[in-house]
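Colleague: The lines below spell out each chain.
There are 2 protein chains.
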Amino acid sequence: MERVERRACFGGWQEVWQHRSAVLDCDMRFAVYLPPQAEGEHEALPVLYWLSGLTCNEQNFITKAGAQRYAAEHGIVLVAPDTSPRGEDVANDEAYDLGQGAGFYLNATQAPWAAHFRMEDYVVDELPRLVEENFPVSSARSISGHSMGGHGALTLALRHPGRYRSVSAFSPIVAPSQVPWGEKAFTAYLGDDRGAWKQRDAVELVANASERLPLLVDQGDADEFLATQLKPELLEIACRGAGHPLTLRLQPGYDHSYYFIASFIGEHVAHHAAALRRGG
Amino acid sequence: MERVERRACFGGWQEVWQHRSAVLDCDMRFAVYLPPQAEGEHEALPVLYWLSGLTCNEQNFITKAGAQRYAAEHGIVLVAPDTSPRGEDVANDEAYDLGQGAGFYLNATQAPWAAHFRMEDYVVDELPRLVEENFPVSSARSISGHSMGGHGALTLALRHPGRYRSVSAFSPIVAPSQVPWGEKAFTAYLGDDRGAWKQRDAVELVANASERLPLLVDQGDADEFLATQLKPELLEIACRGAGHPLTLRLQPGYDHSYYFIASFIGEHVAHHAAALRRGG
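Line order of the protein sequences matches chains A and B.
Taking our numbering, the leading residue of the first sequence gets 1, the next gets one more, and so forth.
Taking our numbering, the leading residue of the second sequence gets 1001, the next gets one more, and so forth.
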């Protein structure tokens, strides 16, 4: 594992690391923000994982969201992985919403994707193991993300009870089985078996969730993808039907950009900090 | 004047406008952040101008610095222009530190630059006039910037007494006459007359400043350009010699990036807000 970037930021350090991923069988980069509390003697710090959206890599969140300020206030480590396996040997597609930059945080079962596209195993297992072995952190984990990454945060938390203390999402794809982005990606990565799709769809997963982890979702009402790709009302209906706790906030005027994330990431970090500090 | 971007951000609006600049004789873009206080009935708001560094345009500051949060807190409008005239008809150079993206906030006197490169007149006169005619702002102005833009902020404030209520800079080029970036740009834009250079050099200007506007300067001590291009100690010596008030803060560990700006822009906005609210 090699550090490729290290920059002072809000009294702590914003770093980027590169490593060989065994799960993805390629070189990967991830970002780690170490708050001031990580220096010297201290208790192991909790970690908030951030999953970015389509076309992003590990840079978008750390350069645009301004989350480091809040992580420094709360003494939380931030970890932001890339959004897919990468490299010349890794399958790709010309479209922005399939292949590299569009891993959808699942393990693909179909050729040519199955060889490398195992982002669920990477985010849930390999990356936390790496982080917990190499940084002064505890095993207290929370997860959040944006758009495709919001889908990732919700589905990974719902599929792995007990793994995350809290979960939140910005503008998530809540029902990928029912919208163009998800239908395209799931067809390519998982094939035509709609049963497999349901296991990767937050709206389907809340219906049978064994753990009632509260969901915090922020959604801009001027989001250009709201009606076609995001459809937060489907999550609201599913949570109501299942009795699953959901806080869905429709934020007036906000769009799908990082200006939206920057405006509310402080509240999300505070939400996760409360859960991470409560212990469990 | 045409609005090309409008995004909700921290309860206000981050906008980008395009217009024909008479002074620069080309189309220009500038960013305006309107805080929540700009909605409805209110007193005219003060404006903080931000000047970016080499290679930047109007986007860098608004996407990476996180300044909108603080502008929203203080009720200040932020205006961030591009760093040079732009377009196919505008002279350019292959190097990153000359021509488009490298206007150095001066009026060029030499061919081929003199035709369009009049960034001093643009930033000091044309842009504020446009902003004050089209937005709900007062004529209370402050100015700040980074690197080449820090040079711009310091020199424009020193050259135009009474025009700005306060001035600050991150990692400024304080003595362009004595460092490679400045020597190259000044030779191209102003020719070999070192007397003209002195009129664009903060270290030279403080020696004869008629107005004792306090200078606030933050500089990272891990800045990769510190020893070769920035040399803040020259400003310290000049200010001491002239009795010009200077707060120079060497910030340990910080580099030349926007992570540095993001970490301290809140303190700069608060500094300017205090001066802008004091009236005068």
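FYI, nobody ran anything at the bench for these hints, they're computed from the structure.
Hints should not be assumed to be uniformly reliable.
Computed spacing ranges between beta-carbons, pair by pair [unchecked claim]:
1. B:Met-1001 x A:Gln-59: 53 to 59 Å
2. A:His-42 x B:Glu-1043: 55 to 61 Å
3. A:Arg-249 x B:Glu-1039: 17 to 23 Å
4. A:Gln-59 x B:Asn-1134: 55 to 61 Å
5. B:Pro-1214 x A:Arg-212: 46 to 52 Å
6. A:Glu-183 x B:Pro-1180: 34 to 40 Å
7. A:Pro-36 x B:Arg-1212: 33 to 39 Å
8. A:Gln-59 x B:Glu-1183: 31 to 37 Å
9. B:Pro-1180 x A:Asp-221: 17 to 23 Å
10. B:Thr-1228 x A:Thr-109: 36 to 42 Å
11. B:Ala-1111 x A:Pro-36: 38 to 44 Å
What the simulated footprint calls covered on chain A by chain B, stretch by stretch (three residues with Cβ under 8 Å from a Cβ of chain B suffice, anywhere in the stretch; the number is not a length) [stated by the list, open to error]:
12. 63 to 70
13. 109 to 116
14. 164 to 172
For glycine and all other residues, C-beta sits at the position ideal for the given N, C-alpha and C.
Colleague: Give me the numbers of the hints this structure contradicts, sorted from smallest to largest.
Modeller: 1, 2, 4, 5, 6, 9, 10, 11, 13, 14
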